[in-house]
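Construct the complete structure from the given sequences, taking the supplied hints into account.
The listed protein sequences correspond, in order, to chains A and B. Here the first sequence is numbered in the working numbering, starting from 921 and rising by one per residue. Here the second sequence is numbered in the working numbering, starting from 882 and rising by one per residue.
These are computed hints drawn from the structure, not numbers from a lab. Small disclaimer: the values here were computed from a predicted structure and weren't measured. Keep in mind that the hints are not guaranteed to be accurate.
[As the list claims (entries may be wrong)] Residues from chain A shown here face chain B by an in silico Cβ test under 7 Å; the list is partial:
id	residue
1	954
2	959
3	963
4	1020
Note that the Cβ used here is the ideal one computed from N, Cα and C, for glycine as well.
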Amino acid sequence: GENVEQHPSTLSVQEGDSAVIKCTYSDSASNYFPWYKQELGKRPQLIIDIRSNVGEKKDQRIAVTLNKTAKHFSLHITETQPEDSAVYFCAAFFTGGGNKLTFGTGTQLKVEL
Amino acid sequence: GAGVSQSPSNKVTEKGKDVELRCDPISGHTALYWYRQSLGQGLEFLIYFQGNSAPDKSGLPSDRFSAERTGGSVSTLTIQRTQQEDSAVYLCASSFGQGSYGYTFGSGTRLTVV
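Below is the structure:
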């Protein structure tokens, strides 16, 4: 069945450093990969997404890369700031899995001063 | 509305009681999803509605859980004979519909079964 693995489960970086979170997926037919940020006690919010017809997408300090051959995608945050501290979830849209997103298990990012 | 609205925001109930959680999706969004998030855990899929199609119930953990969506808009998730392990945040999300679109989540209902 559909499966999304996410690593690491926790990540601690110094302010100003970069953070990278990686996900792998199982269904080669997946075509849409969003990332969500969830601050403590709040709802998950979409921060960036990528479709299978592109390999990279950037939005200010955030970028996502996709390697379809290897079936993995990554979130890159540069110049991290304390407000980047949150749980980040990757997800993949499985067309053969009922047209819904399957989420990774989340990464707790802590940006230390 | 401007966003996905869920009510109540918090619910404390006694073990064995039934509860109903409500979700009002974004106007025009034909797809509606329910997920469950236990403390410090990921997002567990429960059920998915798309237009007038039969819902995908493959994530419901037991027959105590059910959901309906009336008129293609508002949805209610019902948990019968609640158990302590049902305690979690129940998140509703909506999207434009069949196809690969991002979800917009509601703020969730925090359910505590005592």
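Practice task
Run the structure past the numbered hints and jot down the numbers of the failing ones, going up.
Solution key: Hint check: 2 fails alone, others pass.
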